[in-house]
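Place chain U on chain X using the hints.
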Amino acid sequence: MKLREDTNYIVSGLERSGTSMMMQVLAAGGIPIAYTESRKPDEHNPKGYYELEGGKIINRLMQGTFPFESYKGTFIKITAYGLSYLPPRSYKIIYMERNLDEVLDSMEKMAWVTDEDREETKQSFKKLNEKIKKELRTKEYTDVLFMNYNDVLKDPHTNVQKVCEFIGPYQYDTTKMIAVVDSQLYRQRR
Amino acid sequence: MEEKTGEKKYTTISIPTHLAEKIKKRIQGTGFTSLSSYVTYVLREVLSGADTESTEEFSKEDEERVKARLRSLGYLD
Numbered sequence: 001m002k003l004r005e006d007t008n009y010i011v012s013g014l015e016r017s018g019t020s021m022m023m024q025v026l027a028a029g030g031i032p033i034a035y036t037e038s039r040k041p042d043e044h045n046p047k048g049y050y051e052l053e054g055g056k057i058i059n060r061l062m063q064g065t066f067p068f069e070s071y072k073g074t075f076i077k078i079t080a081y082g083l084s085y086l087p088p089r090s091y092k093i094i095y096m097e098r099n100l101d102e103v104l105d106s107m108e109k110m111a112w113v114t115d116e117d118r119e120e121t122k123q124s125f126k127k128l129n130e131k132i133k134k135e136l137r138t139k140e141y142t143d144v145l146f147m148n149y150n151d152v153l154k155d156p157h158t159n160v161q162k163v164c165e166f167i168g169p170y171q172y173d174t175t176k177m178i179a180v181v182d183s184q185l186y187r188q189r190r
Numbered sequence: 001m002e003e004k005t006g007e008k009k010y011t012t013i014s015i016p017t018h019l020a021e022k023i024k025k026r027i028q029g030t031g032f033t034s035l036s037s038y039v040t041y042v043l044r045e046v047l048s049g050a051d052t053e054s055t056e057e058f059s060k061e062d063e064e065r066v067k068a069r070l071r072s073l074g075y076l077d
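Chains as they are written, first to last, in my numbering: chain X, 1 to 190; chain U, 1 to 77.
Quick caveat, the hints were computed from the structure, so don't treat them as lab data. Warning: the hint list may mix true and false statements.
To be verified - Covered stretches of chain U, as calculated for chain X (at least 3 residues, CB under 8 Å): (1) 16–24; (2) 69–76.
As the list claims (entries may be wrong) - A few chain U residues that don't get close to chain X, going by computed Cβ distances all over 12 Å: (3) 9; (4) 10; (5) 11; (6) 12; (7) 13.
To be verified - No more than 25 Å apart at the CA atoms, straight line, and that leaves these computed lysine-lysine pairs for PhoX-like: (8) 67(U) x 126(X); (9) 2(X) x 60(U); (10) 25(U) x 109(X); (11) 60(U) x 133(X); (12) 139(X) x 22(U); (13) 134(X) x 9(U); (14) 154(X) x 176(X); (15) 67(U) x 109(X); (16) 67(U) x 133(X); (17) 60(U) x 127(X); (18) 60(U) x 122(X); (19) 56(X) x 22(U); (20) 139(X) x 127(X); (21) 40(X) x 67(U); (22) 67(U) x 127(X); (23) 72(X) x 60(U); (24) 126(X) x 56(X); (25) 24(U) x 9(U); (26) 122(X) x 67(U); (27) 134(X) x 122(X); (28) 139(X) x 9(U); (29) 60(U) x 56(X); (30) 72(X) x 56(X); (31) 24(U) x 139(X); (32) 60(U) x 139(X); (33) 134(X) x 92(X).
Note that this is a predicted model, so its numbers are computed, not measured. Where is the CB? At the ideal position from N, CA and C, for every residue including glycine.
Isolated chain X (complex conformation):
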């Protein structure tokens, strides 16, 4: 089975906000997703990053050279900043959100840094998140589902149903999708 061939499907959100988990959920449900393994699973994402081009797809978007045509009907991951560079097309976007302090904790751990300007960084990412959400709400030919990572972990059943309803008719394996939501990965709890 395929998704709509006239639409580009995207999982997005700030980095470390559960985008990889959502890609895993979709994959488990038998939904077409595209990714390369240029960035290998590691201790930060033991089940993989599910990214294209090692996560550096943003560079291609900024240059206007990303081949969206090749990914119609298939979910790909584009993190929040990259959404500013989406060309006019038809999109369905699952946008992940997560407690911002958890996001920053996870970023610092992954980058092996301690942010001396943590509050300023937090405000910048908060503004980016709000800017992107606002743009998505008003973007032509764009359907958006806002999902909260923390809520997905608390109630996988209800939230997986929301995802399925958003994507539309498809032969989902919801049991496998729910099973993917592994609370053991919830390591940056606040």
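Using the frame of chain X, we list chain U on its own:
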């Protein structure tokens, strides 16, 4: 006259013919199916930008801070 709830309302806006022709050429091969849909898209973008500016603006400084963090995480060259 009152319209039904949920029904979209439209109005007519005049733009110069040469500009309309330029837009028609520009939207060929894109997801836009009409001149109106493109103009609506552009206006929404402009208004969205204006709204953002009036609230908490994502400044150049914010953007550089975000990009620096994305580089450190390997998401940006």
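Unsatisfied constraints (hint numbers, rising): Per hint list: 1, 9, 10, 19, 23 violated.
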